[in-house]
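Protein chains in written order, with the numbering used here: chain A, -17 to 105; chain B, -17 to 105.
Check before you lean on any hint, since a few could be wrong.
[Said to hold, decoys possible] Some chain B residues judged to face chain A by a derived CB distance under 10 Å, without partners named: (1) ALA(-3); (2) THR8; (3) PHE24; (4) THR27; (5) ASP84; (6) HIS86; (7) LEU87; (8) ALA89; (9) LEU90.
None of these hints come from the bench; they were simulated from the model. For each residue, glycine too, the CB sits at the ideal point set by N, CA and C.
Number of protein chains: 2
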Amino acid sequence: MTTAVTDELSLTFAALADPTRRAILTRLSSGEATVGQLAAPFALTQQAISKHIKVLEHAGLISRSQAAQTRPCRLEPARFDTVAEWIGRHRQAWHERYDRLDRHLAALADADLMAGAEAEEET
Amino acid sequence: MTTAVTDELSLTFAALADPTRRAILTRLSSGEATVGQLAAPFALTQQAISKHIKVLEHAGLISRSQAAQTRPCRLEPARFDTVAEWIGRHRQAWHERYDRLDRHLAALADADLMAGAEAEEET
């Protein structure tokens, strides 16, 4: 894949496509943490973790406080909402389509039954 | 990023990190389509579309019928459910944490009010 990833949703999905980054997000879903705290459970250097954090920040999934010197990271729920909305829309379209198909098949089955009953009445 | 993408969820998110692949999924959310039908709205060769379809198939987001010679593609809603579940869990953890924080701050404010009222009664 050499296509440049530029649009927001692609950036977000690409950032989520890594188990270490998802583990960082899971940690942050229970509260703010500094880079040092985030690095602790991983067999990774603080530098490697910092790279992952930059990817997550660039993707809008987390933000870093400007206030404290340790600049703790926090989850940005708005981007999670965007992803949930995209996924939800596609699930819903699929389900609505298959619900319609079910109703259509049920209507066809009813029509068959009625046609059968009418045919029987006529005989 | 040189890390090999091997786990299922990473494969799925990586597959979603491309606007053409998301457009293919959007098309499939309204019903099955052949590779030719999927290629039509894009300024891409059928070969390029086939590559995207292989990525989506490998990621479990779509499947291809073995029955017909045209092997139409269809959405696999189960993988959408997995992604929705992961995203939903993190949103929920975040919201629960902030709801708890709100309740805690409200309790602190109430305690302050009561302490204030008691202090006034004593004077």
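Structure-based check of each hint:
1. ALA(-3): Because about 8 Å separates B/ALA(-3) from the closest Cβ in chain A, which is inside the 10 Å limit, the hint holds.
2. THR8: It holds, given that the least Cβ distance between B/THR8 and chain A is near 7 Å, below 10 Å.
3. PHE24: 13 Å, violated
4. THR27: Since chain A brings no Cβ nearer than about 15 Å to B/THR27, farther than 10 Å, the hint is violated.
5. ASP84: Constraint on B/ASP84 not satisfied, violated at 14 Å.
6. HIS86: 13 Å, violated
7. LEU87: 15 Å, violated
8. ALA89: Constraint on B/ALA89 not satisfied, violated at 18 Å.
9. LEU90: This interface hint is violated because 18 Å lies over the 10 Å limit.
Hint compliance for this structure: hints 3, 4, 5, 6, 7, 8 and 9 are not met, and every other hint is.
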